[in-house]
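K.L.:
Each chain, written out:
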Amino acid sequence: MKVSLFVACLTDLFAPDVGMAVVTSLEHFGCEVDFPTAQTCCGQPAFNNGFPADARALAVRMLDVFRHADYIVTPSGSCCAMIRAHYPELFHDDPSLHDRAIGFAARCYEYVEFLTKVLKVDLTGLTLPADEKFTYHFTCHLRTLGASGAPAINLIKQLGGSQFAAMEKADQCCGFGGTFAIKYTDISGAMVNDKVQCGQATGADTMIVNDGGCAMNIAGACHRQGASIHVRHIAQIISSAIEHSAAQGAADGAATGAPGSAAKGAGNGATSVPS
Amino acid sequence: MTSGITDSPPGRTRVSLPVFRTDFMADAHEASSDTQLQAAMDNSVTKKDMSRKIALAELPDADALRELAGQIKRHTLDHLDYYLELLEENITRQGGHVHYAMDSTQANRLIVEIAQRTGSKLVVKSKSMVSEETELNDALTEAGIEPLETDLGEFILQVDHDHPTHLVMPVVHKNAAEIGHIFARYFKTEFTDNPQALAEMARVHLRHRFDQADLGVSGVNFAIAETGSVVVCCNEGNGRMCVSRPRIHVALMGMEKLIPSLDDLPVFLKLLARSASGQSLTQYSSIVSGSRRPGELDGPEEFHLIVMDNGRSRILAGEYRDTLRCIRCGACLNSCPIYRKVGGRTYGSVYPGPIGALLTPLFNGLEEHKHLPHASSLCGACFEACPVKIDIPKFLIMLRGDQVQRKITPLAERLIFRMWSWALCHGWTYRLSQIAQKIGMRALRGKDGWIRKLPPPANGWTMQRDFPAPAKQDFRQVYKQYRADQRRKESR
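Chains as they are written, first to last, in the numbering used here: chain A, 1 to 275; chain B, 1 to 492.
Heads up, a few of these hints could be off.
Looking from chain A toward chain B, a few residues come up when the C-beta cut is under 10 Å (computed) [what the hints assert, rightly or not]:
{"hint": "1", "residue": "P16"}
{"hint": "2", "residue": "A57"}
{"hint": "3", "residue": "F164"}
In the SDA-like style, the derived pairs of lysine to any residue whose C-alpha atoms are separated by at most 25 Å in a straight line are [to be verified]:
{"hint": "4", "chain 1": "A", "residue 1": "K117", "chain 2": "A", "residue 2": "D94"}
{"hint": "5", "chain 1": "B", "residue 1": "K453", "chain 2": "A", "residue 2": "R224"}
{"hint": "6", "chain 1": "A", "residue 1": "K169", "chain 2": "B", "residue 2": "K472"}
{"hint": "7", "chain 1": "B", "residue 1": "K489", "chain 2": "A", "residue 2": "T179"}
{"hint": "8", "chain 1": "B", "residue 1": "K394", "chain 2": "A", "residue 2": "T179"}
{"hint": "9", "chain 1": "B", "residue 1": "K453", "chain 2": "B", "residue 2": "D63"}
{"hint": "10", "chain 1": "A", "residue 1": "K117", "chain 2": "B", "residue 2": "H29"}
{"hint": "11", "chain 1": "B", "residue 1": "K480", "chain 2": "A", "residue 2": "D70"}
{"hint": "12", "chain 1": "B", "residue 1": "K394", "chain 2": "A", "residue 2": "H230"}
{"hint": "13", "chain 1": "A", "residue 1": "K183", "chain 2": "B", "residue 2": "R442"}
{"hint": "14", "chain 1": "A", "residue 1": "K183", "chain 2": "B", "residue 2": "A469"}
{"hint": "15", "chain 1": "B", "residue 1": "K472", "chain 2": "A", "residue 2": "R224"}
{"hint": "16", "chain 1": "B", "residue 1": "K453", "chain 2": "A", "residue 2": "H230"}
{"hint": "17", "chain 1": "B", "residue 1": "K389", "chain 2": "A", "residue 2": "G146"}
{"hint": "18", "chain 1": "B", "residue 1": "K389", "chain 2": "A", "residue 2": "H244"}
Hints were generated in silico from the structure; no laboratory data involved. Virtual Cβ for every residue (Gly too), placed ideally from N, Cα, C.
Please model the complete structure; the sequences and the hints are all you need to start from.
P.N.:
Printed below as a string of structure tokens:
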């Protein structure tokens, strides 16, 4: 299966590890990944701030850059929501671009969505390098995508050595909101402090945050406060489990990780045959 | 289509809503660091949001019901002229009187005139946001008529000369101790913060005053065009007292509060109570159709309905029509992380929270309340909560766009976005800006790789949290290396 990575600006500059974790995990699950280097930004900041014409120019660029892609996968949930929910409406007055936007939206997936809806991965064969307790922040883009946090939480629970504790106010926005965090720093600060407090209260080692902006915001607040909880993208967690299990597998001579084989009856001994 | 926002000639702003506060940033700052307010919000607002979710989940298909409610509202708004005429016809047929008010001044004058003509000295009021919009209490007082709020929360606020900060929990910003002090002063009794005791004090006081009132003013949750009825929902019973006990009943409504028929009512009653407070139904839902008929035991001698525009027809004519679907349930407030932090006062006018952030600029003009459309992270919780599916984030973005169009957005910001999007439309400029950011920000980082202080205009970020310095190698570079290593391995 051919997958084109849309890494998104924040991940590109601030979290290359997340981008690489997406690449290596998708490859592990049998995908052929390419990275169209002409990609820049989806236009979300311009769109959200009331500059639809500028957002449109960037959207056209995106349509061109990814015109040949079968699937477009991105670790940034909010960019995916931008493409899926707002690209078609940006071109409501241009039938040909509108059609292309709809086609693009249909091929564009957020990372967890892609793993669970398209690849239908089963992670029960994978083990984390060390026991780790997780909690999960419901990133707001999931509302736009019409998704819940359940798929990501289920994936995490499948990993050997993982523990999960739900967080209070998990679905309350972390206060990022792009320029909102800078312009309305008092409000945004109160929101992110609330988030850190709720995360800390779970006693988890790691808060799963599947969006570049939210992650930057929450991690920045954790660091400022000296909080013990870490912020990670789910791709980083999965790829670390893949690496660890592969190393163990090499040692034990056993295979791990299961692509395409759906959940039913997959049990523990997951296979590694690519679909 | 026009935008539907006030077009005010220079120097003359047409303001439809009263403005209580004007310094959004200062109020937001104060509120977000007010620990007592934050505690009150967590205890009431956040909990009500959870109750709403539970109550809606009890319905077989809550989403379909919300969709239906939204469709009914849209249909009604699309044919508002027809349904208003139908409503008038049916109310008149039942002996009621319908009056139209262009704005809040006219609405208040109509009520004062009815009170004066009927010799009314005391007016009892049930909870009504639209009467907050017209500042009816002030108008009555000026005319020498005593207004009395009978909803417990509104009564507390009236006694304390304060304004509601929530659409359905008006006194959410005060805790029991504060209310205890207010009552101790007002009733000249000993202080108590026992909620039951406080409610009992108000109940005894109000019960006796209902008997003295000549005129009752209510709001209107829904007006049913087909039957010529108004529906008043409340939990304390005071609403029913106001519409049945006094000789005269005046109902005041915004002109958008219509539904076509009685068959539509259950859709809204189911959603209103669940969305507002997680109840399956409000305790009292009174359907009032005209005045008392011969042989009937209760009901007023005269029934008047005042239908007020006050800027609504302008919004109706523009692209913000769907905002008029609002049934004032307060679900968007309860779900809103911003409202939870800043409280209702910060929104500056009558309607707080996400719906207020839309309505206030729409009613009063974008210049007056330029922060409101921006003080949102666009998280979408309000849209998800709205029982009539008003896409609040979409409309906030549209308001931002209107601000850009009208050059209300500062020139510097407009230039930055222009340059930014131009740079991102070209591969080389994108790359150049990435490299520049990398160099600039890495120079600012501390030993731990984090930036503690960013320069303006980004300093807002580091006032509250640290900023990560970009990695030495960005993704593009790491990826390129990864592929090169792979090729090397394969060729070996």
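K.L.:
All hints, please: hold or fail.
P.N.:
We went through each hint and held it up to the structure:
no. : hint               : verdict
1   : P16                : holds, 4 Å
2   : A57                : holds, 5 Å
3   : F164               : violated, 21 Å
4   : A:K117 with A:D94  : violated, 31 Å
5   : B:K453 with A:R224 : holds, 11 Å
6   : A:K169 with B:K472 : violated, 35 Å
7   : B:K489 with A:T179 : violated, 44 Å
8   : B:K394 with A:T179 : holds, 17 Å
9   : B:K453 with B:D63  : violated, 45 Å
10  : A:K117 with B:H29  : violated, 43 Å
11  : B:K480 with A:D70  : holds, 22 Å
12  : B:K394 with A:H230 : violated, 33 Å
13  : A:K183 with B:R442 : holds, 23 Å
14  : A:K183 with B:A469 : holds, 20 Å
15  : B:K472 with A:R224 : holds, 22 Å
16  : B:K453 with A:H230 : holds, 21 Å
17  : B:K389 with A:G146 : holds, 14 Å
18  : B:K389 with A:H244 : violated, 47 Å
Going through the hint list in order, the structure does not satisfy hints 3, 4, 6, 7, 9, 10, 12, 18.
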